[in-house]
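Peer 1: All chains should be built: construct the whole structure from the sequences, respecting the hints.
Top line first, the protein sequences correspond to chains P and R.
Yeah, the first sequence ends on 197 if you go by this note's numbering, and it's all consecutive.
Yeah, the second sequence ends on 394 if you go by this note's numbering, and it's all consecutive.
Do not take every clue at face value.
Chain R is faced by these chain P residues, among others (derived, beta-carbon under 7 angstroms) [as the list claims (entries may be wrong)]:
(1) HIS45
(2) PRO48
(3) ALA49
(4) LEU63
(5) GLU65
(6) ASN67
(7) ALA68
(8) TYR72
(9) ALA74
(10) ALA88
(11) LEU91
(12) PHE96
(13) GLN98
(14) TYR99
(15) GLU121
(16) PRO175
In silico DSSO-like links for lysine-lysine, alpha-carbon gap of 27 angstroms or less [unchecked claim]:
(17) R:LYS309 with R:LYS341
(18) R:LYS309 with R:LYS329
(19) P:LYS132 with R:LYS309
(20) R:LYS391 with R:LYS309
(21) P:LYS112 with P:LYS194
(22) R:LYS329 with P:LYS112
If you are wondering where the hints come from, they were derived from the structure by calculation, not from laboratory data.
Here a beta-carbon is modelled for each residue, glycine too, at the ideal position from N, C-alpha and C.
There are 2 protein chains.
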Amino acid sequence: MLLYNSAVSGNCYKVRLLAAHLGISLELVELDVVDRSNRPGLIGHLNPALRVPTLVLDDGRPLAESNAIIDYLAEGTEYLPAHRYERAQILGWQFFEQYEIEPNLAVARFFKLFNVTPSEETLNSKHAGGDKALQALERGLTGKTFLVGERYSVADISLYGYTHVAAEGGFDLSPYPSILAWIDRVAAQPGHIKIDG
Amino acid sequence: MLLYNSAVSGNCYKVRLLAAHLGISLELVELDVVDRSNRPGLIGHLNPALRVPTLVLDDGRPLAESNAIIDYLAEGTEYLPAHRYERAQILGWQFFEQYEIEPNLAVARFFKLFNVTPSEETLNSKHAGGDKALQALERGLTGKTFLVGERYSVADISLYGYTHVAAEGGFDLSPYPSILAWIDRVAAQPGHIKIDG
Numbered sequence: 001m002l003l004y005n006s007a008v009s010g011n012c013y014k015v016r017l018l019a020a021h022l023g024i025s026l027e028l029v030e031l032d033v034v035d036r037s038n039r040p041g042l043i044g045h046l047n048p049a050l051r052v053p054t055l056v057l058d059d060g061r062p063l064a065e066s067n068a069i070i071d072y073l074a075e076g077t078e079y080l081p082a083h084r085y086e087r088a089q090i091l092g093w094q095f096f097e098q099y100e101i102e103p104n105l106a107v108a109r110f111f112k113l114f115n116v117t118p119s120e121e122t123l124n125s126k127h128a129g130g131d132k133a134l135q136a137l138e139r140g141l142t143g144k145t146f147l148v149g150e151r152y153s154v155a156d157i158s159l160y161g162y163t164h165v166a167a168e169g170g171f172d173l174s175p176y177p178s179i180l181a182w183i184d185r186v187a188a189q190p191g192h193i194k195i196d197g
Numbered sequence: 198m199l200l201y202n203s204a205v206s207g208n209c210y211k212v213r214l215l216a217a218h219l220g221i222s223l224e225l226v227e228l229d230v231v232d233r234s235n236r237p238g239l240i241g242h243l244n245p246a247l248r249v250p251t252l253v254l255d256d257g258r259p260l261a262e263s264n265a266i267i268d269y270l271a272e273g274t275e276y277l278p279a280h281r282y283e284r285a286q287i288l289g290w291q292f293f294e295q296y297e298i299e300p301n302l303a304v305a306r307f308f309k310l311f312n313v314t315p316s317e318e319t320l321n322s323k324h325a326g327g328d329k330a331l332q333a334l335e336r337g338l339t340g341k342t343f344l345v346g347e348r349y350s351v352a353d354i355s356l357y358g359y360t361h362v363a364a365e366g367g368f369d370l371s372p373y374p375s376i377l378a379w380i381d382r383v384a385a386q387p388g389h390i391k392i393d394g
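Peer 2: Right, dumping it as C-alpha cells:
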C-alpha cells in the first residue's frame, strides 16, 4: 500500500503505528506540510480535502482521514473489536480526537516545529482548547487501562498520536496522571514504533 | 432512548433526523448551549467531553459524538452499508465533517444565532476555513448523487447537518452547485424532518 505521508504528522503516525502492529508494509511518499501547492496535482484525485495521510490500497482505491484509514485496516483484527457498542465507543473517542485534541495540540505543535508565530489570541485559544480536551481525556481514562473495553485498540492509537507529543506544543501533561500512565502502556505494546522511527 | 439535545445544534439534528428515518422515538432533554455550568452534574458521568448530543440507550449505556451515535443506530439498516470500503469512505467524510465543516460553519452560525461578536481574526479564520471545507465538499459531490456509493447514507446526514444551514453563519452556497443540488436531494428523502421541526 502507498501512504502519502508527513514524517512529523501525528495523523500519519497513527497509520504507520497500526501498520507496524499488523505487519503491513507501506510505501511512503513524503508531502510538504508547509508548502501545499503541489497537493491538487498529487492527491486531488484521491482526497478532495488534500490532506495527509491519504492511503492508496493495492488495487488503487484511495482512503482519506487517519481514523477512517486505521479503522479500515484494523477490521477483523484484535485492534478493532466486533462488538457493536464497543465500536461506537471507539468512534466516539476518535471523533473527539479530531474535534478537540488535534485542532489544538497538533496546531500548537505545528507552530513550534515550524517557527510560526501566531497571534496571542490564536495561541491562547489553542492552549485553552487543548487543556479542556486533555481534562476530558483524563476523565475518560481515570480508572481504566485503555479507552474502550480495557483492551488496546484503534481508539488508543488515535488518541496517542498527538497526546504523547503534547509537550512539543507547549502542553504540560503533569496534571494528568491517568494520561501519563496510559501513554506508558501504549508505548509498551508489542510492535510499538515511535513517531520518528 | 433519551437524547441530551440542543434544538439549534446541527450535531443533535443528525441524531433526530436519522431517528425519524428509522422510526425511533427519542425522549429529548434540552441543554443550554451558552450556559454549560450544569453539564458536569447532568452528563459528566455519561460523556467526559460534556457535549450534546449524548444518547442514553434503553439499557442505560451512554454514547457520545453525533457521528458515532448515528453510525451505531444505523447499523444493519439501509443507511449504513455493510461493505467494508464504503464504510471507510463514510467514516472519511464524517471525520472531515468534524474537522473542517463543523468547527467553521457551526461556530460562525453560533456567533450569529447568539449575538456573539468574535474578533475579526476569529471571524475571518472561520470564514476562510469554512469556504475551504465547502470547496472540498463541492469537489467530493461533483458528478455524484450522494457522498458514498450513490446512495443516501449516514455520511449525507452528517454533512447535511451544518451545510444546509451554512447561510445562517454568513456563508454563500451559490458558488457550489453540486452542494446545492445534493441539499435538495437529501431534503427529498422519505421521512425527512427539518432542523426546527
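Peer 1: Going through the earlier hints one by one, which of them does the structure break, listed in rising order?
Peer 2: 1, 9, 16, 17
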